[in-house]
Amino acid sequence: MLVAGIILVLTVIAYLAKVVGGFEGVQFSPTVSVIVVILLAASLLWILVLTLKGRLIGRRVVFLYVGIAVSLPLFMSISQKIVISPETQQLYDAISELPSGAKVLVSFDYDPPSAPELQPMAEAFLYYCFTHDFKVIVIGLWPQGPQQANLAIDKLLALPEIEAKNLQYGIDYVNLGYQAGNEFVIQRMGGSFESMFPTDYSGHPYSDLELVRNIRNFSNIDYSFNLSAGYPGTQEWVQVAVDRYGLSMGGGNTAVQAPMMYTYLQAGQLAGLLGGMNGAAEFEKLVGREDKGTRFMLSQSFAHMVVIAFILIGNVAFIVGGRKKKL
Amino acid sequence: MKRQIPLFITFFVGTLLIFSVFIPPMETLGENFTLFFDIIAVFAFFLGAGNLVRVHVSKLRKRKADWGFSIVTLIGFGFMLFVGLLKIGNPGGIAADVTAPGSWFQEMFNYVINPLQSTMYALLAFFVASASYRAFRAKNREATILLMAAFVILLGRTPLGMMLTAWIPDSLSIFQIPNMAVWIMNSFNLAGQRAILIGISLGVVAMSLRLILGVERTYLGGDDSG
Amino acid sequence: MEHFAVWVAAFLTLGIVSFLYKDNPWYKLSEAIFVGISAGYWFVVLFWDNIYGKFWNGIFPEELIDSAGNVVTREPDYWLLVGAVLGTLMLLRLIPKIGWISRWPLAFIIGCTSGLYLINYFSSNMMRQVEATIMPLVGHWVLDPATSQNAFSAFSGADIFSNLVLVIGTFTGLVYFYFSKEHRGAFGGTAKVGIFFIMITFGASFGYTVMSRMSLLIGRADFLLFDWLGLVR
Amino acid sequence: MRSRSSISPGWTLLLVTTLLVCIVAAPTFGQMPDDGVITFEDTVQVMVAAPTSLIATDHKYDDGEKIDLQWVPSIDDLPGIGTVVGYRIYRQDDGGVAEVIANLPAKANHYRDENTELGHTYIYSVAALTDGAEFMSNLTESISPEREWIDFSKRYLFLIALLVGGAVIYFIEIARRGKKLFVRKIAGLEAVDDAVGRATEMGRPILFIPGIQDMDDVQTLAGLTILGRISKTIADYDTEIFMPVSRSLVMTAGREIIKSSYQTAGRPEKYSDNMVTYITDEQFGYVAAVDGIMVREKPATVFLLGAFFAESLILAETGNYIGAIQIAGTARPAQLPFFIAACDFTLIGEELFAASAYLSEDPKALGSLKGQDVGKAVAMVIIVVGVLAATMGQAWDISSMNSLVDILKTIFSTS
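Chains A, U, V and F are the protein sequences, given in the same order. Going letter by letter, the first sequence gives residues 0 to 326 in numbering that gives the first Met the number 0. Going letter by letter, the second sequence gives residues 0 to 225 in numbering that gives the first Met the number 0. Going letter by letter, the third sequence gives residues 0 to 232 in numbering that gives the first Met the number 0. Going letter by letter, the fourth sequence gives residues 0 to 414 in numbering that gives the first Met the number 0.
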């Protein structure tokens, strides 16, 4: 109760500071950041010592640590080195071979909960498309997908370098919206896009959109990118669009889905793969626009370290406790 | 009769769909049947929604524990039907898509469902950590192997993993943890996945055939259901 | 309005998070709101998509006007009525006396799912995976884009090892799932190797997932600290 | 990707030769004949050669809705030069006016018209596009699409499916005739009965979660067939069962199954529709509610059998926290690690589909498992033979081995 009370009071103060005082936020200097890291590590060591002495911590302590590990790095001004993995490089190579004016189909098959991982990928991918004058066609097999696409597009259009290009809806990019039916939508798109998307997201008829008017089906698409958080997603796209219609495509997957895709990557069914936030950060680095994917990486590394620490502590407890005790 | 007809329907529909794959003029049969499924699912939804309302109204009537929250659920459900079916506040009027930006329906999604969804999903982070702490023990050989693989992948994706093995010369770079992580993903992981996938597909074949042939028929009701 | 909405979102977010400490009225309230509103949401979405979009528009197709101003008419698809009939039969459950008829649509759906999945799973999971596993141990296939044919790479030690792992792993994994023979002797040993491979797969999957899950939480933390409180710069 | 492309080696050869000729002849580009020009403007126009050798063929094994076109691209369509910006396909339908049916990028050399109708005749032409002009190829012969009744391209899929499916049916039949078939035990499936017994002893309910997908997912069906077995025991012991679901159809099916078990057990009056409740279709709304149910009702046993996604760990950890015995199973490899970490017993992939056959102890159902093993045996043999042949073929360049590999790959390739 006490903790909840303190958090509540702090929250109100912070909010008032933001609204009334024009408070601009906190940022830890590198020195403070390092001190925080050391304190965190020291407290974990202390827990390890406690465990060695036979005093086990409860799961709420684990929860607390996860919370801290995720939020504190958001304040820090230090950053982390990013190494490009081969599958990310492969995706980048695939799109850098496309000529300007290439028609790129991007399928947004996720909803807001997966946005922290996939939205940075979407933004980085679209950023590359827009700066290289690709024509972008957006669809969604998840009801909220097209909306996520619009969020990303609106954000990018506001950037000065893209605003300068004066991109036109319907000519440079379209959002065809959502269609229910999972893999059957993909299958029918193999026959005709228009049959599945008679109108775009805001109700314009397909044939009124200059960009897609002459696009019948996958044979008119140069490259396709699928952002997937589950079913329907990359697996269905590969099974239908790639296997049956020969579409060339890359995938952006949540870290959970990514391991499943290595099969397709190895079999040559996928041309490139971004896996989780790492993939997003790596891709941001390649396209030369570092944003949330990169910024969140530090939090992610911290969280990983905390999980690793607790796996170790748990196993120490297990060995000390005579390999029997169940927590 | 009561049991024979459903058995026949399952057999007929299942067999037809299996063969339709090999007969071009019947190619689209699967899609059409899936359309039927979508329509049936909505009809079933009337039963589901009816059940939802009935459960919460009866909680309310009997003043069961937490009946107050049932009111909230009922109001929420009714409100969504109201704004969704009538497309209240939809900038494009009744003809536009129900999830058009700006409609009340979509706003409810953005500011109520979305944060709830995302937060519930984010709870996973906490549970992943507690599961790691509590369940990932080197209990036996299998568990130890699982633990080690997870450990390498986790380490490989952190700066610590890079630092730990950065001293290994490039000629042996495969033993650097980040490379090991990628390599485990590409070889071991692929092998395990493949065995599981092949197994699953055979399991599906056998189970589908049991259903189609009526060996498995619990869904049809008991023997003496008359 | 925007302000108020962010507050509502923050209130609900914290309500759900409070479950970590223990079940409490705040969580119950968030849960009740979540269930009611989301059930309504999906009912409405499915209604407009399926009943109106697919069924009604299929039977009474709207006239579309194309860019040239021509009226495009589509043929009504009366097949959809079969779906509606099956759906109506489903509702007969409500009448106990003839409720058993509702098993017909159920039987239809089960036949449909079994029939569709049988071949689908078989061709993409079994056939395709077996095909992909047929490979020489001493190198790897490379796809030659010019001819769409497989060419072959040079020998390499790493390839040999990876390929061996892949083939042995797949093979022993299948042995593990084999039902017709007791896991004893050499067969049992092979099955044991198989389960090791499967465990490594799961470990790898788990490691990857930790990453993914953490990023979700990072997203929420970003919302609370940045969008709501404005603490993070 | 392999062998999907419709380019035959002959065509590739032709194409390569043509390109070579072009490169040799490159200096003379400016004097190309212009008989294919259909538009010409005052401004200086780049002239390019029209595509040649256009032919249309009926697409094999379809319902008469496809025609394949192939042509040799304009000889000016060279990498880096960029004078040809693309190709445009024209079609005359039953002698009508030629209409544009597709625009293709540069270097395209084939197109599949997937919008033809039986009984119509079509004439096609292809134009190379430059910035402002079109250079038309020859017209094709008039062609009518044909319908084929059997898709012979899938003959191997059919045969192998027939082999495995046939084995399943064969063993079901053998078992029906009363022959005893050996099937090994899956370690821990006995735990299912124990788990039900435990709940009965403790006087606490059983929670059954059939995943979050609808009846159109085969894993949901697998979960429900297992429910069919469990609910018989439950009805016998008269244990309390609660099954919250996220799909209305699953609710209907679940009720049917549990009800029939109670009828079989001879106590239909004990059954109530309240055992199966619909919550919401929303994935996490459902999870929020089920988590609430878990901590409030404290079930002794939790079954998680079906298609699970991200929620698997939330459910399994909460179940673990309340101290329930948990039995889980799914065919989604990504979720299995969590079940293995947090549950007492996990059915891995195939075992989920096999479990109901095991639990039923019905010899016919067990027979189907035997048939499944035939499939696995086939897969294992082919993998071993294929890998050996491919290795020998590559290492020592034995052509007979290489052709064996090609044959195996063709048989198992589904595209």
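Some hints here could point you the wrong way.
Taking lysine-lysine pairs in the BS3-like style, the calculated list, with each CA pair at most 30 Å apart, reads [said to hold, decoys possible]: (1) 59(F) / 164(A); (2) 408(F) / 65(F); (3) 363(F) / 178(F); (4) 180(V) / 269(F); (5) 180(V) / 179(F); (6) 408(F) / 1(U); (7) 153(F) / 178(F); (8) 52(A) / 102(A); (9) 21(V) / 297(F); (10) 65(F) / 96(V); (11) 59(F) / 106(F); (12) 58(U) / 191(V); (13) 191(V) / 63(U); (14) 164(A) / 102(A); (15) 184(F) / 1(U); (16) 297(F) / 191(V); (17) 180(V) / 297(F); (18) 61(U) / 184(F); (19) 58(U) / 21(V); (20) 191(V) / 59(F).
Anything over 10 Å on all C-beta distances counts as not near chain V; from chain U, calculated [unchecked claim]: (21) 24; (22) 59; (23) 62; (24) 91; (25) 148; (26) 156; (27) 161; (28) 163; (29) 166; (30) 167; (31) 168; (32) 169.
The hints are simulated quantities; they were obtained by calculation from the structure and are not laboratory data. Even for Gly, the Cβ is constructed at its ideal location relative to N, Cα and C.
Hint check:
Taking the CA atoms of residue 59(F) and residue 164(A), the gap is about 46 Å. The hint is violated against a cut of 30 Å. Restraint check for residue 408(F) and residue 65(F): satisfied, since their Cα atoms lie roughly 27 Å apart, inside the 30 Å limit. At roughly 10 Å between alpha-carbon atoms, residue 363(F) and residue 178(F) fall within 30 Å of each other, so this suggested pair holds. Straight-line distance between C-alpha atoms of residue 180(V) and residue 269(F) comes to about 42 Å, which puts the hinted pair past the 30 Å bound.
Straight-line distance between C-alpha atoms of residue 180(V) and residue 179(F) comes to about 14 Å, which keeps the hinted pair within the 30 Å bound. Taking the CA atoms of residue 408(F) and residue 1(U), the gap is about 47 Å. The hint is violated against a cut of 30 Å. With a C-alpha separation of about 35 Å, the suggested pairing of residue 153(F) with residue 178(F) is violated against the 30 Å cut-off. For the hint pairing residue 52(A) with residue 102(A), the CA-to-CA distance comes to about 64 Å; that exceeds 30 Å, so the pair is violated.
For the hint linking residue 21(V) to residue 297(F), the alpha-carbon distance of about 14 Å falls within 30 Å, and the restraint holds. For the hint pairing residue 65(F) with residue 96(V), the CA-to-CA distance comes to about 51 Å; that exceeds 30 Å, so the pair is violated. Distance restraint check for residue 59(F) and residue 106(F): the Cα-Cα separation of roughly 24 Å lies within the 30 Å cut-off, and the hinted pair is therefore satisfied. Note on residue 58(U) and residue 191(V): the hinted pairing is violated, with a Cα-Cα distance of about 52 Å set against a maximum of 30 Å.
Proposed proximity of residue 191(V) and residue 63(U) is contradicted: the alpha carbons are some 52 Å apart, above 30 Å. For a cut-off of 30 Å, the pair hint linking residue 164(A) to residue 102(A) stands: about 17 Å separates their Cα positions. Of the supplied pair hints, the one linking residue 184(F) and residue 1(U) is violated, its CA atoms being roughly 35 Å apart against a limit of 30 Å. For the given pair, residue 297(F) sits about 36 Å from residue 191(V) by alpha-carbon distance, which is inconsistent with the 30 Å threshold.
About 40 Å separates the Cα atoms of residue 180(V) and residue 297(F), which puts this hinted pair outside 30 Å; it is violated. At most 30 Å may separate the alpha-carbon atoms for a hinted pair to count; residue 61(U) and residue 184(F) exceed this at roughly 48 Å. Straight-line distance between C-alpha atoms of residue 58(U) and residue 21(V) comes to about 23 Å, which keeps the hinted pair within the 30 Å bound. Distance restraint check for residue 191(V) and residue 59(F): the Cα-Cα separation of roughly 47 Å exceeds the 30 Å cut-off, and the hinted pair is therefore not satisfied.
Taking the minimum C-beta to C-beta distance to chain V, about 15 Å, the non-interface status of residue 24(U) holds against the 10 Å cut. Listed as a non-interface residue, residue 59(U) keeps its Cβ farther than 10 Å from every Cβ of chain V; the least gap is roughly 12 Å. Every CB of chain V lies more than 10 Å from the CB of residue 62(U), the least distance being 16 Å, so the non-interface label holds. Against the 10 Å criterion, residue 91(U) stays outside the reach of chain V, whose nearest CB is about 13 Å from its own CB.
Its beta-carbon lying about 3 Å from the closest one in chain V, residue 148(U) breaks the requirement of being farther than 10 Å from that chain. Annotated as non-interface, residue 156(U) brings its C-beta within 10 Å of a C-beta of chain V; the closest such distance is 6 Å. In this structure residue 161(U) is separated from chain V by more than 10 Å, as the shortest Cβ-Cβ distance comes to about 15 Å. Even its closest Cβ contact with chain V, about 16 Å, leaves residue 163(U) beyond 10 Å, as expected for a residue assigned away from the interface.
With a least CB separation of 21 Å from chain V, residue 166(U) remains clear of the 10 Å interface cut-off, as annotated. No Cβ of chain V approaches the Cβ of residue 167(U) within 10 Å, the least distance being about 15 Å, so the stated non-interface status holds. For residue 168(U), the shortest C-beta to C-beta distance to chain V comes to about 16 Å, beyond the 10 Å cut-off, and the non-interface label holds. Every C-beta of chain V lies more than 10 Å from that of residue 169(U), the closest at about 14 Å, which supports listing it as non-interface.
Against the hints set out earlier in the document, violations occur for numbers 1, 4, 6, 7, 8, 10, 12, 13, 15, 16, 17, 18, 20, 25, 26.
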